[in-house]
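Once you've looked at the hints, dock chain X against the given chain W.
These protein sequences, in sequence, are chains W and X.
Going by my numbering, the first residue of the first sequence is number 1, and it counts up by one from there.
Going by my numbering, the first residue of the second sequence is number 135, and it counts up by one from there.
One or more hints might be untrue.
Partner residues are not named here, just some residues of chain W that face chain X (Cβ under 10 Å, in silico) [claimed, not checked]:
| no. | residue |
| --- | --- |
| 1 | E28 |
| 2 | L30 |
| 3 | K111 |
It is worth saying that the hints were derived from the structure and are not from the lab.
We put the beta carbon where it would ideally sit given N, CA and C, even for glycine.
Spelled out from the first residue to the last, the chains are:
Number of protein chains: 2
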Amino acid sequence: MVTMTAGQRRSAEQAAYDAFLATCPAREVLGVISDKWTGLVVVALLPGPRRYSELRREIAGVSQKMLTQTLRSLERDGMVTRTVTAGVPVRVDYELTPLGERLGGVLRAVKAFAEANIAEITAARAAYDARADD
Amino acid sequence: MVTMTAGQRRSAEQAAYDAFLATCPAREVLGVISDKWTGLVVVALLPGPRRYSELRREIAGVSQKMLTQTLRSLERDGMVTRTVTAGVPVRVDYELTPLGERLGGVLRAVKAFAEANIAEITAARAAYDARADD
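Bound-form chain W, shown alone:
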């Protein structure tokens, strides 16, 4: 029996799956993780567990429906665990799994890219729109 380390197994899977192919399951997963709300929620959970109300405050403007839906999808995908503590009111905590932490590292870079390149993108848009108006 050939035993692979987790790293070797991931490399082998990476070679086997290709999101450029419409029929590859990686295409669907890429669609789920390439989502603005997924990124914001996962990055907000990177420092540690958060209650639902804390997430709603930190991610300004997220609707209750969108936050609930995003958290449920992340839980189903094995990125987040949900812990309910009895009490009045009931307390619900969300925490990244090791898989979710790895996703958080990747999506933190996407968020940082947006924040770091605003000026350049805004200037490019203004120039493009000015050309289009000619």
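Below, chain X without anything else, positioned relative to chain W:
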């Protein structure tokens, strides 16, 4: 006059913009770059310029409408340049700008994450759905 390097300017901007805030322009930009098709197109352009028809072939299943819309948005945001060469038929090439190349590096990691973690995500989904059926 204080002169900053491009890197220092980006760090200063990164500190000034915060996609967690609903009113921050970084939130809107994050929405644009957190898109499955944006990721696939930018990563497909990383090796070098591609013609429109080559992109359609490489990104299997992308509709003409979606590819055209994604390329136009990337051009407007300063990530991609579009070069038209006269001839029959007209030849149109797309190429990443330096900004687009940096975005490509970030989004390649998102695509690689999806491809490398399919097995773990699929197993998590099956377990979640089995619990939900109880």
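- [ ] Determine which of the earlier numbered hints do not hold for this structure and return their numbers in increasing order.
- [x] none
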